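S.K.: Got chain A sorted already, so can you dock chain B onto it with the hints?
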Amino acid sequence: GENVEQHPSTLSVQEGDSAVIKCTYSDSASNYFPWYKQELGKRPQLIIDIRSNVGEKKDQRIAVTLNKTAKHFSLHITETQPEDSAVYFCAASTHTNAGKSTFGDGTTLTVKP
Amino acid sequence: NAGVTQTPKFRVLKTGQSMTLLCAQDMNHEYMYWYRQDPGMGLRLIHYSVGEGTTAKGEVPDGYNVSRLKKQNFLLGLESAAPSQTSVYFCASSYGEVYEQYFGPGTRLTVT
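Going line by line, the protein sequences match chains A and B. Quick note, the first sequence lines up with residues 1 to 113 if you use my numbering. Quick note, the second sequence lines up with residues 1 to 112 if you use my numbering.
Hints are computed from structural coordinates only; laboratory data are not their basis. As the structure is a prediction and not an experimental result, all values here were calculated from the model. Just so it is clear, CB atoms sit at the ideal spot from N, CA and C, and this is done for glycine as well. Hints may be right or wrong, so weigh each one.
Only some residues are given here: those of chain A computed to face chain B with a beta carbon under 8 Å [what the hints assert, rightly or not]:
(1) 29
(2) 32
(3) 34
(4) 43
(5) 49
(6) 85
(7) 89
(8) 95
(9) 100
(10) 101
(11) 103
(12) 104
(13) 105
(14) 106
With the rest of the complex left out, here is chain A:
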């Protein structure tokens, strides 16, 4: 089955700096890569996603890049703010697997004011 590894497990940055979280996956058939943000005590919510026919996608301060050859994708947050502090999860899924997403173990991002 699919295996998703996420690094780092914790990340601390100063407000205004950039943050990068990286994920690798094992199943070359995976074609959908969402990123979820989970604030303390809340539910995970999608912040950005990318499909395999696209190499990069951007939404304001958030961007995701995908390298299908190397089987890795990354989340980039620029100009970080204290409200970006949360746990971030990457996931990978494929239409051949009933849409089951395999999640990474999460990255706890702390943005220091």
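M.R.: Then chain B, alone, in the frame of chain A:
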């Protein structure tokens, strides 16, 4: 539009007791999922359903059963609770196979 709701929000069980967690969605989604979330281990899939009347095993199905009698509801049952089932349980639903999953608020279960 409530999205995905879960009941109860909190529950404490004694070892050996049984309970059912209810997930409901009002988005007419075909796909529904049950996850458990333990510290440092991300979200692990317990069972899932690709439509009314269907269920399938996920990554960690042992000790759990599910039913999807109605499209909008997905029930997770624990027949004989064990301390290892102490966790936060999230339900999610999705429009299709490779689309965003919408999560419920979670149920915090403690088994003593």
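S.K.: Taking the closest Cβ pair, is residue 85 of chain A under 8 Å from chain B?
M.R.: violated, 17 Å
S.K.: Using 8 Å as the Cβ threshold, decide whether residue 106 of chain A counts as touching chain B.
M.R.: Hint on residue 106 of chain A: holds, closest Cβ of chain B at ~5 Å, below 8 Å.
S.K.: A closest beta-carbon separation below 8 Å is what the hint needs, so does residue 105 of chain A meet it against chain B?
M.R.: For residue 105 of chain A, the interface hint holds, since the closest Cβ of chain B sits about 4 Å away, which is under 8 Å.
S.K.: Hint residue 100 of chain A vs chain B: min CB-CB distance below 8 Å?
M.R.: holds, 6 Å
S.K.: Does residue 103 of chain A meet its interface restraint, that is, does its C-beta lie within less than 8 Å of any C-beta in chain B?
M.R.: holds, 4 Å
S.K.: Hint check: is the beta carbon of residue 95 of chain A less than 8 Å from a beta carbon of chain B?
M.R.: holds, 4 Å
S.K.: Identify whether the interface hint at residue 89 of chain A stands, where standing means a beta carbon of chain B within less than 8 Å of its own.
M.R.: holds, 6 Å
S.K.: Should the interface hint for residue 32 of chain A be scored as holding, given a Cβ-Cβ cut-off of 8 Å against chain B?
M.R.: Since chain B brings a Cβ to about 4 Å from residue 32 of chain A, closer than 8 Å, the hint holds.
S.K.: Min Cβ distance, residue 104 of chain A to chain B: is it shorter than 8 Å?
M.R.: holds, 6 Å
S.K.: Tell me if residue 34 of chain A is really an interface residue toward chain B, meaning its C-beta lies closer than 8 Å to one of theirs.
M.R.: Hint holds; residue 34 of chain A Cβ to chain B Cβ min 6 Å, cut 8 Å.
S.K.: So, residue 29 of chain A near chain B? Judge it on the closest CB pair being under 8 Å.
M.R.: With Cβ-Cβ at 11 Å, over 8 Å, it is violated.
S.K.: Given residue 49 of chain A as an interface hint, is its Cβ closer than 8 Å to any Cβ of chain B?
M.R.: holds, 7 Å
When each numbered hint is compared with the structure, violations occur for hints 1 and 6.
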